[in-house]
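S.K.: All chains, please: the whole structure from these sequences, using the hints.
If you're matching them up, the sequences are chains A and B in order.
Number 271 in my numbering belongs to position 271 of the first sequence; there are no gaps in the numbering.
Number 357 in my numbering belongs to position 357 of the second sequence; there are no gaps in the numbering.
For the record, the hints were derived by calculation from the structure and aren't laboratory data.
Don't be surprised by glycine CBs; every beta carbon is placed ideally from N, CA and C.
Some hints could be false.
Just the calculated beta-carbon pair ranges, DEER-fashion [to be verified]:
id, chain 1, residue 1, chain 2, residue 2, range
1, A, Gln114, B, Ser422, 38 to 44 Å
2, B, Asp114, A, Val85, 50 to 56 Å
3, A, Gly90, B, Thr259, 16 to 22 Å
Residues from chain A that keep clear of chain B, each with C-beta distances beyond 12 Å, as calculated [unchecked claim]:
id, residue
4, Leu173
5, Ala182
6, Gln201
7, Leu226
8, Leu245
9, Ala306
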Amino acid sequence: MSKRSGRSASGHRSTTKVARASDRQRGGTTASGGVFGRLLGPPVPPGMSEMPRFRTSLAQGFLLVAANPALIAACFLFVLAVWLVLLGFGYVGSPLALTQVFALPPLSTALDTQNAVSVAGQRAGLMAGLGLLVVRALVVAILAGAIVEGFEHAGRIRPAAIARGLRASPRVLAATVLAFVALFLAQLGAVFGAGIATLVQVVLPAFALYLLGFVPFAAVRRRDPLPETIRRSIAGARTPGGRHLSFCLLYVLIAFLLPVFLPQGAFITASPSVVTWIGILAMTLIHLGFTAALGYRWLAVEASVAEPSERV
Amino acid sequence: MLTFASVPAAAQGGSEPAWSQFQGGAAHTGAADGPPPPYRKVWELPLDAGREDVALGPVVSGDTAVVVTDGSVVALDVATGAERWSVERDGEPGTPAIVDVEDAPAVVYPDGDDAETAVLVAVALEDGSPLWEAPLEAEPVGGVTVDDGRVFVVDEDGAVYAVEADDGGVAWTRRISGTVVAPPAASGGGLFVVAGASEDGSSARIVGLDAATGDPLWPAVVPDVASAFGSAPSVDADSVIVALQDGVVYALSVLDGSTSWSVRIAAFVSPLAAPAAPDGAIFVADRTGGLHRVGPGGRDWVFAFNERVLRQSPIVVDAAAVVGFDDGGVGVVDVDTGHMTFRTAATGVAVTGMAVAGDVLLVAHGATGVPRVVGLATDPAGSLVDVMSPTDLDTAELASSFAIAFVVVGLVVIVAGWLARSRYQIRDPSRDSIDQTPEPG
Numbered sequence: 001m002s003k004r005s006g007r008s009a010s011g012h013r014s015t016t017k018v019a020r021a022s023d024r025q026r027g028g029t030t031a032s033g034g035v036f037g038r039l040l041g042p043p044v045p046p047g048m049s050e051m052p053r054f055r056t057s058l059a060q061g062f063l064l065v066a067a068n069p070a071l072i073a074a075c076f077l078f079v080l081a082v083w084l085v086l087l088g089f090g091y092v093g094s095p096l097a098l099t100q101v102f103a104l105p106p107l108s109t110a111l112d113t114q115n116a117v118s119v120a121g122q123r124a125g126l127m128a129g130l131g132l133l134v135v136r137a138l139v140v141a142i143l144a145g146a147i148v149e150g151f152e153h154a155g156r157i158r159p160a161a162i163a164r165g166l167r168a169s170p171r172v173l174a175a176t177v178l179a180f181v182a183l184f185l186a187q188l189g190a191v192f193g194a195g196i197a198t199l200v201q202v203v204l205p206a207f208a209l210y211l212l213g214f215v216p217f218a219a220v221r222r223r224d225p226l227p228e229t230i231r232r233s234i235a236g237a238r239t240p241g242g243r244h245l246s247f248c249l250l251y252v253l254i255a256f257l258l259p260v261f262l263p264q265g266a267f268i269t270a271s272p273s274v275v276t277w278i279g280i281l282a283m284t285l286i287h288l289g290f291t292a293a294l295g296y297r298w299l300a301v302e303a304s305v306a307e308p309s310e311r312v
Numbered sequence: 001m002l003t004f005a006s007v008p009a010a011a012q013g014g015s016e017p018a019w020s021q022f023q024g025g026a027a028h029t030g031a032a033d034g035p036p037p038p039y040r041k042v043w044e045l046p047l048d049a050g051r052e053d054v055a056l057g058p059v060v061s062g063d064t065a066v067v068v069t070d071g072s073v074v075a076l077d078v079a080t081g082a083e084r085w086s087v088e089r090d091g092e093p094g095t096p097a098i099v100d101v102e103d104a105p106a107v108v109y110p111d112g113d114d115a116e117t118a119v120l121v122a123v124a125l126e127d128g129s130p131l132w133e134a135p136l137e138a139e140p141v142g143g144v145t146v147d148d149g150r151v152f153v154v155d156e157d158g159a160v161y162a163v164e165a166d167d168g169g170v171a172w173t174r175r176i177s178g179t180v181v182a183p184p185a186a187s188g189g190g191l192f193v194v195a196g197a198s199e200d201g202s203s204a205r206i207v208g209l210d211a212a213t214g215d216p217l218w219p220a221v222v223p224d225v226a227s228a229f230g231s232a233p234s235v236d237a238d239s240v241i242v243a244l245q246d247g248v249v250y251a252l253s254v255l256d257g258s259t260s261w262s263v264r265i266a267a268f269v270s271p272l273a274a275p276a277a278p279d280g281a282i283f284v285a286d287r288t289g290g291l292h293r294v295g296p297g298g299r300d301w302v303f304a305f306n307e308r309v310l311r312q313s314p315i316v317v318d319a320a321a322v323v324g325f326d327d328g329g330v331g332v333v334d335v336d337t338g339h340m341t342f343r344t345a346a347t348g349v350a351v352t353g354m355a356v357a358g359d360v361l362l363v364a365h366g367a368t369g370v371p372r373v374v375g376l377a378t379d380p381a382g383s384l385v386d387v388m389s390p391t392d393l394d395t396a397e398l399a400s401s402f403a404i405a406f407v408v409v410g411l412v413v414i415v416a417g418w419l420a421r422s423r424y425q426i427r428d429p430s431r432d433s434i435d436q437t438p439e440p441g
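M.R.: This is the structure:
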């Protein structure tokens with residue numbers, strides 16, 4: 001029987017019956033071969049993984065979002081506020097950028113930087129982009145707090161979620177900065193040509209999300225130091241049989257591809273049409289649903305993540 | 001000795017015609033008196049060329065206009081559009097120019113597609129009869145610029161040539177690094193070239209040369225932020241105007257290349273297009289169809305046409321800024337208000353050049369279909385519109401569009417969520433998989 005040193009934010013010290021999962025994970029790691037085998041974990045028969053299936057994760061994620069009209073309304077209004085702020089700073093461009101306002105980092109940090117560069121120029125924009133990482137981290141942390149609260153309370157999100165998110169925000173900021181670095185590395189893919197550059201620009205953000213995507217939820221749930229939070233995020237992502245990298249790739253592909261079909265999305269205007277807004281808000285919902293699904297996945301595997309004292 | 005002064009394009013060169021070369025004059029200011037909108041088509045001349053040839057020009061002298069395609073040089077009557085003569089040519093087309101050769105107007109155009117055949121050719125405007133040829137070392141690019149009795153052209157290897165208009169003798173050559181795709185601009189004794197990044201990855205640069213000797217006026221100007229390409233140059237009074245890939249329009253002093261002012265437009269301008277610069281105001285058309293009016297004080301306005309602009313520079317006809325699109329249409333914006341006043345229908349064949357000839361606006365089409373030249377004149381029965389740019393915030397429209405979308409999407413999601421929750425529960429998976437025991441004490 002393994003012991004957990006951390007305290008769950010829901011106020012319970014858990015004893016776990018999933019020690020066998022931890023054992024399986026530890027044993028599996030040593031059993032798997034090669035770089036990808038070590039990174040992604042060993043193969044596990046379908047249905048035997050601690051990580052929920054895609055459809056379960058997404059169904060629970062979207063169900064949680066749909067159960068909280070206040071969350072939806074707040075996010076929609078935030079998108080409108082971002083658009084007004086951009087226009088206020090002299091942004092002249094298409095509203096396509098709004099489809100990524102609630103994207104998970106590093107996709108959203110890419111958007112922040114692009115918009116800042118568009119408004120303020122390359123140097124000032126990059127500096128502003130660094131400042132926007134703080135805002136981005138706050139948004140992600142509060143959203144993660146709301147999602148964790150929602151799952152912990154059968155869909156009901158209490159105002160305390162904001163406080164939990166804010167407490168987690170420094171560690172979320174650190175993860176956001178790391179994802180931002182991955183974003184820059186992705187740009188280097190351009191030196192290999194357009195085809196490889198596109199591949200790298202999709203795969204690297206997905207990989208950053210794979211490794212760091214659980215950080216906001218882990219930070220909300222437990223007050224571990226940053227290195228331990230990141231370690232737990234990576235360990236959770238590597239849950240055997242979870243196909244979590246595929247989940248992250250699916251999300252990044254959807255986030256990249258769907259905006260292409262946004263009605264009149266490339267039309268440069270300050271006043272997007274109704275159909276454009278519907279597309280933007282629908283994309284916002286998709287991001288929220290995936291984010292909640294990610295939170296659900298973390299909650300499902302959290303207990304199976306080995307504690308530092310358990311590690312071999 | 002450089003003596004820079006503000007010279008209206010129409011007056012440059014003394015006896016030169018009003019629209020003698022790319023963007024009207026040597027400074028590429030793109031401004032002239034001409035027919036006001038609304039426009040109607042008065043004639044159309046399909047050109048005997050390949051299906052997707054580019055037609056560059058037109059340039060105008062008196063009642064004759066000249067365009068250059070991939071395979072020919074064609075002279076036509078401005079009033080009727082009737083073809084007067086044509087001569088064959090080879091290689092990438094470049095914008096021709098009209099210059100006096102021994103006191104008679106002549107057409108100068110680039111010819112040849114390799115080092116063996118590359119020449120600068122002068123033919124009589126009257127009948128297309130040959131006058132002289134000046135051999136070049138490589139295929140000429142962009143087109144020719146004429147100023148003060150000399151013809152300037154750049155080849156694909158970056159060699160700049162100054163050729164005497166009277167006899168085709170080469171006065172000087174100067175090699176610059178980078179890729180040039182547009183004609184240089186000339187004004188007040190200076191010659192200004194914008195070169196795109198070299199294959200070694202260096203940045204675009206702006207080069208200033210003494211038109212008399214070819215000596216550099218100042219070290220090549222390289223922007224702080226590396227840019228792969230820049231627009232074609234134009235000269236406004238004592239400034240070279242160029243838009244670089246970093247989305248900034250720069251005004252560089254013709255005397256020392258220093259930045260007099262710069263304005264961020266956050267958009268790319270085609271390297272084939274030049275800013276129009278009539279009397280202090282600068283008009284720039286970006287590749288997404290945004291027409292910007294900028295100046296030392298910043299951007300005055302932008303009108304977003306939302307149509308691609310690849311080859312066409314904006315021109316200014318009195319109080320109208322005119323821009324041609326890749327869809328073949330032409331848009332007109334009032335220079336003071338920034339509101340659209342007129343727009344022609346798309347033809348499907350890209351606009352590749354415009355010129356003003358008295359009361360006719362000449363529009364060359366090509367690149368995306370059979371090339372042609374169209375004559376537009378003021379339509380007395382037409383009417384103007386007053387349409388603000390989509391980029392101007394319409395608060396009521398924004399609020400109503402967002403509100404409708406908000407309600408539609410919100411209702412769909414809430415109803416779907418309500419239906420789903422009647423069948424499924426939101427679960428806490430951490431409680432599903434873990435034996436929870438109350439925390440002691």
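S.K.: Each hint needs a verdict: does it hold in this structure or not?
M.R.: So, going through the hints one by one against the coordinates:
no. : hint                            : verdict
1   : A/Gln114 / B/Ser422: 38 to 44 Å : 42 Å, holds
2   : B/Asp114 / A/Val85: 50 to 56 Å  : 55 Å, holds
3   : A/Gly90 / B/Thr259: 16 to 22 Å  : 20 Å, holds
4   : Leu173                          : 25 Å, holds
5   : Ala182                          : 23 Å, holds
6   : Gln201                          : 19 Å, holds
7   : Leu226                          : 22 Å, holds
8   : Leu245                          : 20 Å, holds
9   : Ala306                          : 15 Å, holds
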